[in-house]
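Visitor: Remember, the working numbering sits 25 above the position in the sequence shown when you count from 1.
Please keep in mind that the hints were generated in silico from the structure rather than gathered at the bench. Accuracy of the hints is not assured; some may be wrong.
[As the list claims (entries may be wrong)] Okay, the calculated beta carbon distance ranges per label pair:
1) H373 / A129: 57 to 63 Å
2) G207 / T89: 38 to 44 Å
3) R90 / A185: 47 to 53 Å
4) Y336 / A188: 49 to 55 Å
5) V113 / G207: 50 to 56 Å
6) D128 / G366: 37 to 43 Å
7) Y336 / T274: 43 to 49 Å
8) N131 / G334: 35 to 41 Å
9) P343 / N139: 29 to 35 Å
10) R92 / R164: 22 to 28 Å
Even glycine gets a Cβ: it sits at the ideal position worked out from N, Cα and C.
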Amino acid sequence: MSTARSGSLFRAFLIAAMLFGQSAPIAAAAAADAGVASAGIDADIDDGSAHAPACTIQHPSVLTRYRVRPDWRVAGVDYCVGYAAGTVLKDPATISMPGVSVDARNQVVAVTGNDVTLDGYDFSTGGGWSVFVQAANTRILNSKFVIGARDNPPIYSNPANGAPSNLYVGYSVIDGNERSPGYGGLITMVGRGLTVEYCWLKNAGGDMIQQHHTGGNVVVRYNLIEQGGLAPGAHGDYTQFLGSPITTTIIYNTTIQNGGATQGFMTEYVTSGEIGHNTMMGSVSYFVSVDISSIVTTFTVHDNYFDPGGYGFAYPSPRNGMPNDASPKTIFTNNVDMRTGGILQDSHGPAAKSSGSRP
């Protein structure tokens with residue numbers, strides 16, 4: 026398992042690679058590989074780092090205080106998320122493309138045509154913009170959102186105004202600014218299919234990500250999710266699924282919480298899926314919740330590393346899965362307490378792999 030020294034060495038080689046590009050000496054690349062090995066990081070794990078943006082890592086030292094840490098590169102700790110440094114963001118008021126209308130007065134960008142990509146916009150200006158998705162295959166990436174005085178929800182959809190589906194949000198920074206927009210979360214999808222990756226979601230007044238009523242597949246991966254439920258009286262969730270059969274993959278995210286009132290990855294109405302390889306820290310009440318009543322096949326909670334600063338790891342309820350519950354549909358394996366190295370899993374499950382410790 027990596028030490029603070031070896032982790033810093035590895036990050037130094039990453040910075041050198043970004044500074045010198047592909048012309049960096051071969052010896053430096055070889056040394057970087059050696060740094061990965063000495064850090065106890067498995068370079069063969071597909072942890073998302075290969076496609077991460079070149080920007081300043083948000084919390085490079087946050088794991089150094091723990092006895093054990095994950096053996097993969099952690100989002101927001103070993104690689105940056107959000108948009109790349111040097112990105113020149115454009116004014117949303119200048120958007121002019123088929124399938125998109127711009128209401129500059131109310132600061133709403135409405136996507137009404139299929140296959141629209143909004144790439145590299147500053148939606149944080151003038152009190153904060155909304156992107157209102159009403160069509161299929163919308164892609165929002167390399168952009169910045171901040172909820173301001175207008176309390177506009179950053180990204181939302183509504184099938185009453187079209188047929189939204191397969192929404193992609195990536196490589197963006199979405200800041201709730203501790204405000205509650207009154208509708209949904211930072212990202213609210215009322216339509217089938219949602220992918221959120223390489224985003225820095227932070228300071229939500231309430232929820233981070235919501236999927237409403239229409240089911241489909243939800244993928245949440247390679248994100249830094251930081252500070253939810255910050256508005257007065259809020260009851261936040263990192264994910265909230267409502268009303269229809271959903272399959273989900275929640276992997277390789279990092280969550281950090283200090284204060285506020287929020288739960289973690291809540292997965293009601295799921296038919297199958299996984300919560301795996303996440304790094305979870307802070308005062309979240311419970312990091313995961315798995316609704317047994319809706320599972321058709323199986324749901325696996327595995328290989329998560331956590332610091333239980335709240336009430337516990339999994340939400341206790343007669344309808345929810347827990348380690349050693351009576352349901353064959355929920356599988357808990359190799360979830361690691363970073364403070365002690367202890368393993369939380371089903372006693373009848375597969376043997377846990379060993380977790381490295383700091384000297």
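Visitor: Against each hint, give a clear statement of whether it holds in the structure.
Guide: Here's how the hints hold up against the structure:
1. H373 / A129: 57 to 63 Å: About 60 Å separates the Cβ atoms of H373 and A129, which means 57 to 63 Å holds.
2. G207 / T89: 38 to 44 Å: Cβ of G207 to Cβ of T89: about 40 Å, so the range 38 to 44 Å holds.
3. R90 / A185: 47 to 53 Å: holds (48 Å)
4. Y336 / A188: 49 to 55 Å: With Cβ atoms ~40 Å apart, the hint is violated.
5. V113 / G207: 50 to 56 Å: violated (32 Å)
6. D128 / G366: 37 to 43 Å: violated (54 Å)
7. Y336 / T274: 43 to 49 Å: violated (25 Å)
8. N131 / G334: 35 to 41 Å: Roughly 40 Å apart at Cβ, these two residues keep to the hinted range, so it holds.
9. P343 / N139: 29 to 35 Å: violated (43 Å)
10. R92 / R164: 22 to 28 Å: violated (41 Å)
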